[in-house]
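A.B. asks: Let the sequences and hints guide you as you build the complete structure.
Going by this note's numbering, the letters in the sequence shown line up with residues 1 to 232, in that order.
None of these hints come from the bench; they were simulated from the model.
Remember, predicted model here, so these are calculated numbers, not experimental data.
No false leads were mixed into what you were given.
Cross-link-like lysine-lysine pairs, in silico, DSSO-like; alpha carbons within 27 Å at most:
#1 90 <-> 205
#2 79 <-> 140
#3 83 <-> 145
#4 145 <-> 108
#5 145 <-> 79
#6 83 <-> 140
#7 145 <-> 90
#8 140 <-> 90
#9 108 <-> 205
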Amino acid sequence: SEILARSGKSRSPAVAPGPANSQDSFDFGDGDGENSHDVLREQLVRMCTRDGTPEQARNGVYGLSSMIGDSKDVAARSKRERKEFDPLLKALVSPSRLAVPGDDVGPKAAGRIVSVLSAIAAVAECAPYAFNAPGASGRKGWGQKAVDFALEEVLLGRRSRRSDAHEDGGSDSEDGSDDDEEKSPSKKGRSKKKGQSRTANVHCKMTSGAIEVLVAHIRSTILHSRKGSKKS
Numbered sequence: 001s002e003i004l005a006r007s008g009k010s011r012s013p014a015v016a017p018g019p020a021n022s023q024d025s026f027d028f029g030d031g032d033g034e035n036s037h038d039v040l041r042e043q044l045v046r047m048c049t050r051d052g053t054p055e056q057a058r059n060g061v062y063g064l065s066s067m068i069g070d071s072k073d074v075a076a077r078s079k080r081e082r083k084e085f086d087p088l089l090k091a092l093v094s095p096s097r098l099a100v101p102g103d104d105v106g107p108k109a110a111g112r113i114v115s116v117l118s119a120i121a122a123v124a125e126c127a128p129y130a131f132n133a134p135g136a137s138g139r140k141g142w143g144q145k146a147v148d149f150a151l152e153e154v155l156l157g158r159r160s161r162r163s164d165a166h167e168d169g170g171s172d173s174e175d176g177s178d179d180d181e182e183k184s185p186s187k188k189g190r191s192k193k194k195g196q197s198r199t200a201n202v203h204c205k206m207t208s209g210a211i212e213v214l215v216a217h218i219r220s221t222i223l224h225s226r227k228g229s230k231k232s
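C.D. replies: In structure tokens form, the structure reads like this:
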């Protein structure tokens with residue numbers, strides 16, 4: 001990925017005019033290194049949580065991982081991962097993002113769950129300490145919540161209360177439905193079939209993304225336990 005290659009360079013990044021999710025929007029020029037890296041980090045996080053395709057979301061996580069560097073000190077690595085990825089995981093597993101899309105949701109909003117799952121799987125791969133970290137006061141950590149969603153809601157189809165509450169509260173649909181009233185029966189039928197096809201496509205990709213999350217979680221758990229045993 002071009003973003004990954006650039007984030008590892010010694011020169012500091014600066015953002016150039018252009019779409020937020022375009023690779024050309026990252027221009028490495030002279031300037032304040034700290035501020036430039038903050039801007040790059042903000043763009044990468046946005047790519048993971050809002051604007052990016054599944055591939056861009058995954059590469060965004062890889063870029064964030066490359067920015068924290070590597071360390072043989074387990075305690076130092078764990079601290080860096082938690083600082084960098086805890087806020088991102090929290091944003092990714094929020095009910096507004098981590099939810100099975102309803103049939104009335106627009107295609108862009110419905111497809112966003114695929115990018116979210118792709119980003120979560122990448123976090124599990126790149127930051128096992130942050131992903132497997134427990135929550136406060138004995139609660140589930142952000143990574144465990146993502147795993148529960150992938151297994152229970154996507155693969156097993158057990159809808160949680162938070163998903164039902166999110167649907168009742170409205171959706172992020174970007175496609176207007178008022179036009180259906182003016183359409184002829186034949187156009188309504190074609191529109192319905194097209195919508196069902198898009199929904200099926202999203203659900204297939206979502207299932208694949210959920211499996212990817214679980215596989216990455218298993219790998220991260222093994223890696224986390226191995227490094228934990230070395231630490232002790």
